[in-house]
Each structure stands twice: as structure tokens, then as C-alpha cells.
Amino acid sequence: MSCSISESFRVASPIESVQDYPRPPALERVTARLRVLHQDRVIADTTDGWRVLETHHAPTYYIPPHDVMMTTLSRSTRTSFCEWKGCAVYFDLGAVRNAAWAYPEPTDRFTGIRDMLAFYAGAVDSCFVGDEQVIPQPGDFYGGWVTANLEGIVKGGPGTRGW
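Numbered per my numbering, the sequence shown finishes at 455, counting up by one with no gaps.
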């Protein structure tokens with residue numbers, strides 16, 4: 293099942309088509325407030341984030357570690373490799389395995405997100421961009437945050453992983 297955004301959920305943010313996002317991905321600053329909440333606690337809260345934009349992906353948001361309750365996270369044994377960003381390391385959030393990840397030594401193009409944390413929206417109670425609660429990107433591989441201003445098909449559901 294692919295994720296497509298309906299007109300009834302539009303907000304005042306500019307409309308962005310995930311098909312128009314570039315490949316290789318773009319990295320841009322985010323001044324909107326980004327928040328991650330879990331078990332009645334604010335795990336992360338920043339107005340100094342970044343986002344990665346890649347074709348057919350919901351944006352992936354990165355939060356500086358000084359704006360994350362790092363004491364709630366512990367390093368996981370999981371790692372992965374992104375052809376664009378390099379090697380990622382993962383973090384457990386209490387009993388939630390691999391709830392977040394970071395790139396401690398990203399490629400030159402992505403040095404802006406060095407050591408910043410991205411959270412799987414489906415692994416925590418809620419994530420917000422501004423006042424909008426996000427929807428997790430479909431599937432269990434990609435970690436984008438779907439907001440109402442996105443249009444197009446967001447990959448991650450069955451049959452879209454190889455796009």
C-alpha cells in the first residue's frame with residue numbers, strides 16, 4: 293500500500309511533491325519546531341533541525357543531540373549504510389529497539405547532520421513538525437515524517453522499496 297495525501301488534510305504550509313525531491317538527496321535547514329514525545333516525556337525539541345529530501349521519500353528530520361534527552365537513549369548494535377550519507381548507528385529508546393539513528397561520520401555532502409538524531413515516527417508516541425503531528429513513512433525501513441503538505445506517492449509500502 294502506498295501513502296498518498298488527500299486534499300482534506302491540507303495545511304497552510306507550501307505544497308511539496310515528493311516526486312520533485314532530488315536524487316541524490318538535498319539537505320536543508322529547518323526552522324520549524326521539531327518535537328518527539330514518548331511515554332509522557334519530551335524526548336527531543338528543537339528549532340535548529342535539518343531535513344533530507346529524496347525522491348519519493350517523506351522528509352527525514354534530524355535533531356541536534358543537545359536538543360535530545362540523550363539519557364533516554366542507548367546505543368544499539370544495529371548499523372546500516374546509505375549510499376548518500378554513509379554509515380548509520382542506531383539507538384534504543386528504553387524497550388523500543390532502534391527508535392533513532394545518526395551518522396557519526398557522514399559523507400562530505402551531509403556533514404550538516406553529523407551526530408544529529410533522526411527518529412522513526414512509528415517507534416515513538418508522536419512526532420511534530422510545528423504544531424502538526426506527523427504520520428510515519430510507510431514500511432519499516434525508511435524514517436521519513438509525512439506531513440499534510442506533501443503530495444505524491446511516498447515509498448515504503450509493499451512493492452516500493454526498490455524505487
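None of these hints come from the bench; they were simulated from the model.
There could be a bad hint or two in this list.
What the hints assert, rightly or not - In silico EDC-like links for lysine to aspartate or glutamate, alpha-carbon gap of 16 Å or less: (1) K377 to E320; (2) K377 to D407; (3) K377 to D359; (4) K377 to D340; (5) K377 to D417.
As the list claims (entries may be wrong) - Listed next, with one range per pair, are the computed distances between beta-carbon atoms: (6) P356 to P306: 33 to 41 Å; (7) D340 to T363: 29 to 37 Å; (8) T371 to T403: 15 to 23 Å; (9) D332 to E375: 37 to 45 Å.
Beta carbons: idealized from backbone N, C-alpha and C, even for Gly.
Original post:
Is the hinted pair K377 and D359 satisfied, with a Cα-Cα distance of at most 16 Å?
Top reply: 22 Å, violated
Original post:
Would you say the C-beta atoms of D340 and T363 sit inside 29 to 37 Å of each other?
Top reply: 20 Å, violated
Subject >> 16 Å Cα cutoff - pair K377, D417 >> reply: 27 Å, violated
**OP:** Would you check the hint for K377 and D407, treating anything up to 16 Å between C-alpha atoms as holding?
**Re:** Holds, at roughly 12 Å.
Subject >> 16 Å Cα cutoff - pair K377, E320 >> reply: Holds. K377 to E320 sits at ~14 Å (cutoff 16 Å).
Original post:
Are D332 and E375 spaced within 37 to 45 Å by their CB atoms?
Top reply: 38 Å, holds
**OP:** For the range 15 to 23 Å, tell me whether the beta carbons of T371 and T403 fit it or not.
**Re:** 19 Å, holds
Subject >> K377 paired with D340 [C-alpha distance capped at 16 Å] >> reply: Roughly 20 Å between the alpha carbons, so the hint for K377 and D340 is violated.
Original post:
Is 33 to 41 Å a correct range for the gap between the Cβ atoms of P356 and P306?
Top reply: At roughly 25 Å between Cβ atoms, P306 and P356 fall outside 33 to 41 Å, so the hint is violated.
Against the hints set out earlier in the document, violations occur for numbers 3, 4, 5, 6, 7.
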